[in-house]
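Engineer: Chains as they are written, first to last, in the working numbering: chain A, 1 to 192; chain B, 193 to 473.
Hint data in this document are derived by calculation from the structure and do not stem from the laboratory.
Hints should not be assumed to be uniformly reliable.
Within a straight-line C-alpha distance of at most 25 Å, the following computed DSS-like cross-link-like pairs (lysine-lysine) qualify [stated by the list, open to error]:
id : chain 1 : residue 1 : chain 2 : residue 2
1  : A       : K32       : B       : K249
2  : A       : K88       : B       : K268
3  : B       : K268      : B       : K322
4  : A       : K88       : A       : K57
5  : B       : K291      : A       : K32
6  : B       : K466      : A       : K94
7  : A       : K32       : A       : K88
8  : B       : K322      : B       : K282
9  : A       : K88       : B       : K416
10 : B       : K256      : A       : K32
11 : A       : K88       : B       : K256
12 : B       : K331      : B       : K466
13 : B       : K268      : B       : K256
14 : B       : K334      : A       : K88
15 : A       : K166      : A       : K57
16 : A       : K166      : B       : K268
17 : B       : K334      : B       : K268
18 : B       : K268      : B       : K282
19 : B       : K410      : B       : K422
20 : B       : K414      : A       : K32
21 : B       : K416      : A       : K97
22 : B       : K409      : B       : K267
23 : B       : K286      : A       : K97
24 : B       : K364      : A       : K94
25 : B       : K356      : B       : K340
26 : B       : K394      : B       : K466
27 : B       : K286      : B       : K356
28 : B       : K340      : B       : K291
29 : B       : K282      : B       : K380
30 : B       : K331      : B       : K268
31 : B       : K331      : B       : K409
32 : B       : K356      : A       : K94
33 : B       : K256      : B       : K286
34 : B       : K422      : B       : K340
35 : B       : K364      : B       : K340
36 : A       : K166      : A       : K56
37 : B       : K456      : B       : K322
38 : A       : K166      : B       : K340
Each chain, written out:
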Amino acid sequence: MHSIKYVYALLLSLCILGQASAQKGEISPSRKQAIDSLALEKVRDLSKYISIIGNKKTPFSEAQRVMDRAEELFAPDSEMGVSSLNRKEVNYYKVRKYFERLMALNYDRVSIEWYDIHYISDLERQPDGRYVGVVTIYQRFEGESDDGLKYKDTTKKDITIYVERKKTQIQGRTIEFWDVMLGDIRVTETSA
Amino acid sequence: MIYVRAAIFFTWVLGLATTMSVQAQLVSDMDDESRLYAETKQVNQFFRRFNGEEDDKGDRYDPKDRQYQSVKLRKKYLGMLFDAGNAGIKSDLKAQFGKDVLEGANPVILDFHGGNWFAEVHTTFLYNNKAQTMILFLKLEKDHLGTKWVIDRVHADMFDPYFKRDTTKVGKFLHPLSHELDFMNLRKAFQNSDSVSQFAGKRFVADHLSVFLYEIKKGNLKFKTVDEVKFHFFQIPGWYFELSEFNRPGNNNGWLISNLVSLKSESERNILRKYLYYETK
């Protein structure tokens, strides 16, 4: 998984080399598309990890390993802000805590599916020079207990993405590339 | 040459990885899907739909594309950017708005960095363990290499009683020769905390933001949650509109225009601004 991510970053860096706009830390429209793809790839990874963590058939040790991988997608201090249709108040969880709560849900069977719909915002530059964007995706959750209790919801997840120019040394050469990290996520229940 | 080869290899790996990674199960419910496509999912999407800068699926148009900001596309989107459940926004007002925005010599485009729009955020704080609503007004501000949202103003009903005073009555005052006695009568002025605001000038306006920051620094005010977010736009000449988020069944969902006002003069604009900021003066 790490090597795949590295390849993405490297590919981007190769595309970026020599671009005048990159010298100033600015993102050209074509580069923005490549970054969108990278961001979406990270979001898809997260979706996949959430499905595995929530799946009751996933062994405990495997779930822990996947949580570690999932956590690596995020910038430090990232939080999930969760509200529901009945409870407007936003509850804030650290990412790890959110995964642990998901794993501990009291259902015997859980199904987590994703709509094939996403929305990617424009990238805006922050005071520190990093770029920030938001990717929106939708998840359908279904939980069922052996005693017949069923629960289902559809949630909208607005995921912060941070885009930053980084440098790495490969065979003595300094390669610059755009890296994407996930940040805070706002989770809202929808009426769908 | 080595870069070209590497790029070809990495492109192949990229394709492979993409195929591998789409393992998460996908929902296939057409009704839900069409609702989610129709929803204006982000404020960013409101801007892009209003300006006609993306296709039906939310993918950005290249600025060179014929469709980009085309009047036809903008007309199509504008109709679905209003809260259809609000009968208060009359259709002839919407039509006039559409005409002004789309059909003038210079069609009006919303600009994220163009100023003249701000956020109103209703929050709950705990003040000495009691829940209190604090309304924060935020605006975008340039800073160093980019921009950030900053708290421009605050309004809290709980602060109002501290600054209330009746300026129609004579009330208490420091007489005009107090200076000759080194203002020794200040002692009496500050004896009763209830009447202390009477000694402030006529034009004094309480600044809730300062009080808000002070109370947080003192540890008396603790953030609990965000209750509601909406936006106020004064960016279109002659118009004001409010943008709110709707989460309900059906296709008329997400970030939509929830109020629209035609502004005939600068003074109307100022009155409305003051009203939105809870200003009484």
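Engineer: Run every hint past the structure and note whether it holds.
Structural biologist: Each hint tested on the structure:
1. A:K32 x B:K249: holds (18 Å)
2. A:K88 x B:K268: Violated. K88 of chain A to K268 of chain B sits at ~33 Å, over the 25 Å cutoff.
3. B:K268 x B:K322: Given pair K268 of chain B, K322 of chain B is violated - Cα atoms ~48 Å apart, limit 25 Å.
4. A:K88 x A:K57: violated (32 Å)
5. B:K291 x A:K32: violated (33 Å)
6. B:K466 x A:K94: violated (39 Å)
7. A:K32 x A:K88: Outside the cut-off at roughly 35 Å; violated.
8. B:K322 x B:K282: violated (41 Å)
9. A:K88 x B:K416: holds (12 Å)
10. B:K256 x A:K32: Holds, because 16 Å separates the two Cα atoms, which is no more than 25 Å.
11. A:K88 x B:K256: Violated. K88 of chain A to K256 of chain B sits at ~43 Å, over the 25 Å cutoff.
12. B:K331 x B:K466: holds (16 Å)
13. B:K268 x B:K256: Status holds; Cα separation ~20 Å.
14. B:K334 x A:K88: violated (32 Å)
15. A:K166 x A:K57: violated (39 Å)
16. A:K166 x B:K268: This hinted pair is violated, its Cα atoms lying about 42 Å apart.
17. B:K334 x B:K268: violated (33 Å)
18. B:K268 x B:K282: holds (18 Å)
19. B:K410 x B:K422: violated (29 Å)
20. B:K414 x A:K32: violated (39 Å)
21. B:K416 x A:K97: holds (19 Å)
22. B:K409 x B:K267: It is violated: about 49 Å lies between the C-alpha atoms, which goes past 25 Å.
23. B:K286 x A:K97: The hint is violated at about 47 Å.
24. B:K364 x A:K94: The hint is violated at about 54 Å.
25. B:K356 x B:K340: Violated. K356 of chain B to K340 of chain B sits at ~34 Å, over the 25 Å cutoff.
26. B:K394 x B:K466: Measuring from Cα to Cα gives roughly 18 Å; hence the hint holds.
27. B:K286 x B:K356: violated (40 Å)
28. B:K340 x B:K291: violated (33 Å)
29. B:K282 x B:K380: At roughly 58 Å apart (the allowed maximum being 25 Å), K380 of chain B and K282 of chain B break the hint.
30. B:K331 x B:K268: Answer violated: K331 of chain B to K268 of chain B is near 29 Å, above 25 Å.
31. B:K331 x B:K409: This hinted pair holds, its Cα atoms lying about 22 Å apart.
32. B:K356 x A:K94: Since the Cα atoms of K356 of chain B and K94 of chain A sit roughly 42 Å apart, the hinted pair is violated (cutoff 25 Å).
33. B:K256 x B:K286: Measuring from Cα to Cα gives roughly 29 Å; hence the hint is violated.
34. B:K422 x B:K340: Holds - the C-alpha atoms of K340 of chain B and K422 of chain B are around 17 Å apart, at most 25 Å.
35. B:K364 x B:K340: Between K364 of chain B and K340 of chain B the Cα gap is close to 45 Å, so the pair fails against 25 Å, i.e. violated.
36. A:K166 x A:K56: Outside the cut-off at roughly 38 Å; violated.
37. B:K456 x B:K322: violated (43 Å)
38. A:K166 x B:K340: holds (22 Å)
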